Amino acid sequence: MNTLSAKVQSVFEEPGCATNQAKPDKERKKGCNKLLAPGAAAGGCAFDGAKIALQPITDVAHLVHGPIGCEGHSWDGRGSKSSGPMLYRTGFTTDITEQDIIFGGEKHLYKAIKEIVEKYNPPAVFVYQTCVPAMIGDDLEAVCKAASAKFGKPVIPVNVPGFVGSKNLGNKLAGEALLDYVIGTEEPAETTPYDINIIGEYNLSGELWQVKPLLDELGIRILACISGDSRYHEVACSHRARAAMMVCSKAMINVARKMEERYGIPFFEGSFYGIGDMSEALRNISGLLVERGAPAELLERTEAVIAREEERAWSRIAPFRERLTGKRVLLFTGGVKSWSVVAALQEAGMVIVGTSTKKSTPDDKQRIKELVKDDAHMFDDLKPREMYKMLREARADIMLSGGRTQFVALKAMMPWLDINQERHEAYAGYEGIVALIREIDKALFNPIWEQIRKPAPWDAVAGQHELWIQVA
Amino acid sequence: MSQNAEKVIDHFELFRGKEYTEMLANKKCLFEDPVATEELERVAEWTKSAEYREKNFAREALTVNPAKACQPLGAVFAALGFERTLPFVHGSQGCVAYYRSHFSRHFKEPTSAVSSSMTEDAAVFGGLNNMIDGLANSYSMYKPKMISVSTTCMAEVIGDDLNAFIKNAKENGSVPAEMDVPFAHTPAFVGSHVTGYDNTLKGILEHFWDGKAGTAPKLERLPNGKLNFIGGFDGYTVGNIREIKRLLDLMGVEYTILGDNSDVWDTPGDGEFRMYDGGTTLEDTAEAIHAGATISMQEFCTDKTLDFIGSKGQEVIAFNHPVGVEGTDRFLMEVSRLSGKAIPPAVTKERGRLVDAIADSSAHIHGKKFAIYGDPDLTLGLAGFLLELGAEPVHILSTNGGAVWKEKAEALLAGSPFGKGCHVYAGKDLWHMRSLLFTEPVDFLIGNTYGKFLERDTSTPLIRIGFPIFDRHHHHRYPVWGYQGGMNVLVKILDKIFDQMDQSTNDVAKTDYSFDIIR
Numbered sequence: 001m002n003t004l005s006a007k008v009q010s011v012f013e014e015p016g017c018a019t020n021q022a023k024p025d026k027e028r029k030k031g032c033n034k035l036l037a038p039g040a041a042a043g044g045c046a047f048d049g050a051k052i053a054l055q056p057i058t059d060v061a062h063l064v065h066g067p068i069g070c071e072g073h074s075w076d077g078r079g080s081k082s083s084g085p086m087l088y089r090t091g092f093t094t095d096i097t098e099q100d101i102i103f104g105g106e107k108h109l110y111k112a113i114k115e116i117v118e119k120y121n122p123p124a125v126f127v128y129q130t131c132v133p134a135m136i137g138d139d140l141e142a143v144c145k146a147a148s149a150k151f152g153k154p155v156i157p158v159n160v161p162g163f164v165g166s167k168n169l170g171n172k173l174a175g176e177a178l179l180d181y182v183i184g185t186e187e188p189a190e191t192t193p194y195d196i197n198i199i200g201e202y203n204l205s206g207e208l209w210q211v212k213p214l215l216d217e218l219g220i221r222i223l224a225c226i227s228g229d230s231r232y233h234e235v236a237c238s239h240r241a242r243a244a245m246m247v248c249s250k251a252m253i254n255v256a257r258k259m260e261e262r263y264g265i266p267f268f269e270g271s272f273y274g275i276g277d278m279s280e281a282l283r284n285i286s287g288l289l290v291e292r293g294a295p296a297e298l299l300e301r302t303e304a305v306i307a308r309e310e311e312r313a314w315s316r317i318a319p320f321r322e323r324l325t326g327k328r329v330l331l332f333t334g335g336v337k338s339w340s341v342v343a344a345l346q347e348a349g350m351v352i353v354g355t356s357t358k359k360s361t362p363d364d365k366q367r368i369k370e371l372v373k374d375d376a377h378m379f380d381d382l383k384p385r386e387m388y389k390m391l392r393e394a395r396a397d398i399m400l401s402g403g404r405t406q407f408v409a410l411k412a413m414m415p416w417l418d419i420n421q422e423r424h425e426a427y428a429g430y431e432g433i434v435a436l437i438r439e440i441d442k443a444l445f446n447p448i449w450e451q452i453r454k455p456a457p458w459d460a461v462a463g464q465h466e467l468w469i470q471v472a
Numbered sequence: 473m474s475q476n477a478e479k480v481i482d483h484f485e486l487f488r489g490k491e492y493t494e495m496l497a498n499k500k501c502l503f504e505d506p507v508a509t510e511e512l513e514r515v516a517e518w519t520k521s522a523e524y525r526e527k528n529f530a531r532e533a534l535t536v537n538p539a540k541a542c543q544p545l546g547a548v549f550a551a552l553g554f555e556r557t558l559p560f561v562h563g564s565q566g567c568v569a570y571y572r573s574h575f576s577r578h579f580k581e582p583t584s585a586v587s588s589s590m591t592e593d594a595a596v597f598g599g600l601n602n603m604i605d606g607l608a609n610s611y612s613m614y615k616p617k618m619i620s621v622s623t624t625c626m627a628e629v630i631g632d633d634l635n636a637f638i639k640n641a642k643e644n645g646s647v648p649a650e651m652d653v654p655f656a657h658t659p660a661f662v663g664s665h666v667t668g669y670d671n672t673l674k675g676i677l678e679h680f681w682d683g684k685a686g687t688a689p690k691l692e693r694l695p696n697g698k699l700n701f702i703g704g705f706d707g708y709t710v711g712n713i714r715e716i717k718r719l720l721d722l723m724g725v726e727y728t729i730l731g732d733n734s735d736v737w738d739t740p741g742d743g744e745f746r747m748y749d750g751g752t753t754l755e756d757t758a759e760a761i762h763a764g765a766t767i768s769m770q771e772f773c774t775d776k777t778l779d780f781i782g783s784k785g786q787e788v789i790a791f792n793h794p795v796g797v798e799g800t801d802r803f804l805m806e807v808s809r810l811s812g813k814a815i816p817p818a819v820t821k822e823r824g825r826l827v828d829a830i831a832d833s834s835a836h837i838h839g840k841k842f843a844i845y846g847d848p849d850l851t852l853g854l855a856g857f858l859l860e861l862g863a864e865p866v867h868i869l870s871t872n873g874g875a876v877w878k879e880k881a882e883a884l885l886a887g888s889p890f891g892k893g894c895h896v897y898a899g900k901d902l903w904h905m906r907s908l909l910f911t912e913p914v915d916f917l918i919g920n921t922y923g924k925f926l927e928r929d930t931s932t933p934l935i936r937i938g939f940p941i942f943d944r945h946h947h948h949r950y951p952v953w954g955y956q957g958g959m960n961v962l963v964k965i966l967d968k969i970f971d972q973m974d975q976s977t978n979d980v981a982k983t984d985y986s987f988d989i990i991r
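So the protein sequences, as listed, match chains V and D.
In terms of the numbering used here, the first sequence opens at residue 1 and continues consecutively.
In terms of the numbering used here, the second sequence opens at residue 473 and continues consecutively.
With the rest of the complex left out, here is chain D (with noise of 0.2 Å):
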């Protein structure tokens, strides 16, 4: 045998060794009854033909490899934006268990969150005490300033009240009866991550300002001239969160983050462990209520927590995640004109240095096709800066995305030259794209680490941009928004395009003729 003891040979290398292929040749022969190679090699191809597309397409019960993940996760999410703030999910412990390693694969940071750990006499007698007990072991185990509860859609089924029983848990002094408490429904049925974040938020402020559910009186407003940012659900809220701040202290903007996620998805490695680092304070968040304007980047992330905004008598502003010139260009100057404050020379030059990047390569990415998917905002922000770069957005796919948002995406498409001969997929999963990509190719694919079977499929060049990536460490680090963030998404697109290029001209004596130095 290949593999012994003395050297015991990894995964990467054992099963292409002698005995291994010959073993799995044999067993596949012998025993699997393998269709004929000619006949694997038709259906393959028959795979990637229009018909085939047509039968796809028409698909109506089954999704095969959706782009898009449940509301429990998206309330995680919003929850950790807040200081010392426990994400509670109540419900079965085999979600919570996803939610923390699906964010921690993609931030390389350990994540909170625990569940009230639902089981078969729960899901008959109702979860109530699973409620008691879970906030009570949290409460004295991880000493929180704040359990943010949301649920499973096991919770949701059997239809337990939130409200109810957090009042019956503060009965029986699983926390104190001030402690804060807030919660919001996220089935998993309903919507996805998107919605999840939007209840949740929704949930946290509705706590703060309209009087801790009964036990505290309602927030009057105030109004005072501050601005409240909201960041939504975002792969990037490491990098993008900074550089929203540093953005708005240069202009010298009054500002409150609302969820802010930052710091505790990017914990320094000396030696301590920190479960809870950063997030928006409390009292900041009770605050918040004051402020004169709330600004949204990503419209779809905040739907029902903007209304709620708005019904204090707030302005509401959301975006669709803008990437590029024009994009931040819109966000500043909402900003500018929200909080009375110039966009200094300094933002102005930084616009400068993005616009000149971009002519300095826009040879390289004219007229390129591109296909597009993710989260509904994030699709809109980069078909967005795809057009403003002259580069074709040909395929823009959301599995998460509705008729309001194909209607925007197509909106967009139609107001560039670019975006002629460009479709929006709503509802539509990666198998889709599978069919598009074979039936309508394009030069580059851009989306979340999944993507790499579509790349691997269709060899499309795969550009990671979105959620998740787990397999490319620390991408969340760098911004997508503001004019630097554009830069990050413009270099990321070049390398892609030169490394293409690199990857086509680098055979010895075949094609490395144009393997060139410059480029």
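Okay, chain V solo, but in the shape it has when bound (with noise of 0.2 Å):
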């Protein structure tokens, strides 16, 4: 058994994945990637799941080995922001053609990182691995190794040829470079009681920026943040948190626990989205902290701060309340996501009749049916038809979804808002759910929906679209 897929086997028995928990063995072993239906609509591929996951370390040069396709799809497409280097946004490929596939493209290689160290010396290169230079044997990990020695400077080998997998297997093979590679290299120059790392937030739209001033108030510092507006030496460093938050179990749950297992850093579940989530993960956070060794006074501090921004958040809410109690939402996203908005829209009135747990996790599916209580639906897998149909049958006034399922949502003529990562407004925090908020009284009062219901006045055959004004 090779390297990959001696790390594929073992990221597919992850232990702090409560799907693999619940397997028995022998299906453990065979992994929990859901094999693709040729034909069928798919999501990402393994690359891009790195990619995505790893893009948002700012300062470093990401350096895609592949033909133009992999690099010229993923370059710069996720808004995760940074407040200081933009170098992460440059789009680096070897760009390999027809040569380098009859020679091999381990020179090419080579030679690219050469020109990133000599143009543009990062801290670091990250260089992922694509499906034709894995198919014609050029070896990643020897070549940065090289690189590395040569250079005197981490060139990380990212080894996630698209056709291992999917999006979700490359977010967590991106982990296991990080794990392998960059946590642990480096020092911080001080350490304090009040350091944690943030797992699985990628700071799209500047969330994470809605929520740090509130640990920055309370003298909590982000060590690391893995990996929205993060530097390569952070990342190094971050071995050295006295605690973390994951934010997306899916995406990063080898690290947290990987990093518990090594270094003794406890971690906890959170969400920063909703104004419950947020308290408790402010609560989380502050008690993981103490439990660590930091002051117990920071409790008292946390909690003040929770009752202060709790009551601001409230009473800036209340006034859609009104306008908003009783709308029908219906949400299509993944994983964490999917019950930690459930808690948020209720938060403002609205009631969910329906979610989708495609990408949760059983303890996902869990705090819905706590939440929602019986009268939702989860959907699992839904293809585009099924999804039109039932948005025209489900009686919703809303649906919250990603950017995949927008158009279905519009032809379906359902006012729609995207909660996913190529969204341009920022929900985290109690900041943020004020903005959803908005954002969602904007969408659903906004005169082109009851346009978009109505038929053409031309049209006498009334049909459906009488139909769907009727329940509508």
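Honestly, I wouldn't trust all of these hints.
Residues from chain V shown here face chain D by an in silico Cβ test under 10 Å; the list is partial [to be verified]: (1) G79; (2) R392; (3) P415; (4) E425; (5) W449.
These are calculated hints, taken from the structure and not from any lab test.
The structure presented is a predicted model; accordingly, all values stated were derived computationally and were not measured.
Quick reminder that beta carbons are idealized off the backbone N, C-alpha and C, glycines included.
From these two lone chains plus the hints, build me the complex, please.
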């Protein structure tokens, strides 16, 4: 078994993953990678997942070894924000062609790394493997090792050819690359009892920045965010944190668990979405820090901040509650967001008529069940046509989802709000929930929705349209 | 000196050189008795205040930066919509030079029009001789099929009688007796270019329908079920008329465009100069009396014309420059009703595409505040579209809008929750708008090229929709009517929103954390 398939296997057996824990031994060995149905719509590949997870490290060069398509499509496509360095947004690729495929691309790759070091001199170069060079046998690890030695600089191989599996697998493999090559390789200038890691948070739309001021106020330092708005040095030092919060469990559970195992950093799983979750997250962070030796007065200060911020957020949401109470929401998103957003929407008086659980763990599903009682339908995998049908029938007022399902929603004449990564508004923290509610309010009351549900006025054939108007 | 014969620097660069900046600074300081910088700034700030706004709106006699033009400009526009027609403006020649350059700067095409070149003695003794000579010269030189006569203020002030003058000229053999020489009195001191359009179009129809100034029998109307279509004074006429023709053809409607300027302001670059091109034929113009109904896209451009047409027994329908889904719906449904032709599925599909596009982008426009100025119909059409998008037309201003327009605009605002807190300003100018933009700021300004000064002064990004557009090319080729036109306006608005977003986030290492590829 080569190293890559061994790595993939080990990720599949991740004991921290709730899905895996529930499985019998034999099945666990088979892995949790759902086989894709050829011809059916599919999500991103492992490369994409890894790029997403690591690209938010802002001061390094991300070099994609492959033909133009891989970097061409993933270049700067995520809106994860940086407060400083911008190098991560420059698209670096070896752009390999026929000649490379015939004669091998290793030298080409080595030269590309050399040019990056000479022209940009970043603290590190992350090199991503893709399908084509993997198939012709380019040895990524060996090239990176040689380059690292030659240039005296970390050159990190991220071995994620798309064909090994899904985007989620890629997230995890990216985490493995950090664990193998980055975390624990440098030391912070100083440490405090208030140092934490935030794992699986990508600072999309600058969401981390809506949370950070509160942590700053409490004197809690984000030693490393993995990987939103982070610097290479921070990630390399992250093993010195006292505690960790894991935001996206599906993506980075292996990182959180292995850091606990290797460095004794306890973690909890939490969310910044919704008032209750945000408060819980602050409480948990402080709780873990105090357990690890921070002065106990931190807890009191935390409660004071929570009380103040909750009151402020509530008072800002109050004007909307009147307009939003009873509005029915359909959620199409994945993983942790499905339950954390549910809580947030309920705070604004909205009713959840359904939520997707495609990327949710059994634990996630349990939480959803607790939150929405039996009213809601949980949906697993949905083909666009079924989704469309459901939207037409679900009698919802608005759908919240990611960009890919946007167009299904629009065709089904459903007001839609983007709550996935490619959005442009930040919804995290107390500030974010107010923003989310404001956006929902805007989406619900935009006149185009009334228009979109109406047929052309000269269309005498009422058919479905009329029916829809009645139920909507 | 920075300027030398070997390398002559143009105006973009020249005065930025050290020699000139120093020289100009010295000149100002030594010879211009300048006020102190602080005083200058204080007064500049004061002009942005509510106190200044009050004084500004109390202005009675002075108009500053008007957003309207004069009647004869509209007269020339209307005349050019007809086959081989030469607009002949009885009055001073300078005025006509203005109309020609005005249109040419907007449409980027030559515009043909002549004047009777009245001078001082004509002002004293009347302009009859100028009319006689003028018609004779223009007929022999430019070989028009029709000469459409309008007036400048000069001729109107001395009271020249066009009807009598033209008759005289014909008797004098200036032009053949059977030559079509319709006329309209179009003094600039009454109304605006939209009034001139109205008067001239009515003059032309009156000429053909009511017996050619007593030289032919009046036409007897024999209704034939066709439709007449009038676009009105419209900076987008090239794109709009073509779009309307396409839609009417798709529906299979039989129609006559009364005043078709789409070819004369869009002639091909094939080496041939076309003084005349396209336009409504004179036969069609006469025949138009038999139509079942007439649709005008711009009520305030066709007030008297529609009255006249209505008096012949036709049903007349007027819109206010409809833009967007509902506006186009209403227009097409009227066409369908009047023609008895159904709206075909292809058009329904176009409609769906516009609705879809609006929905795709609604989050970016929703709740944005706009100021609009322009002609009465255009402002109504745009305001309607903004309301449809969930945007707020906070200031709607029209220098040539009157009480009727104001009432209409206010009713439009009252019909939508997005019209709350929006206000209508009739008869106000762009200096009023300046005060409005400072005291009640908005996100975007919609107007013509002259809005660029407001944009600079108030930092309100300008979306160029209107007439004239001098500093951007070829906008007039893209329709703003029909669903496709709505799409064009939508994209124009969105482009500016995103440009603005990019501009406010493109400072390297300062704001570029939000300089995103995907918007």
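Now the hints, each set against the structure:
1. G79: It holds, given that the least Cβ distance between V:G79 and chain D is near 6 Å, below 10 Å.
2. R392: Violated: closest Cβ of chain D sits about 16 Å from V:R392, beyond 10 Å.
3. P415: This interface hint holds because 9 Å falls under the 10 Å limit.
4. E425: holds, 9 Å
5. W449: With Cβ-Cβ at 8 Å, under 10 Å, it holds.
Comparing the model with each earlier hint shows a violation of hint 2 alone; every other hint is respected.
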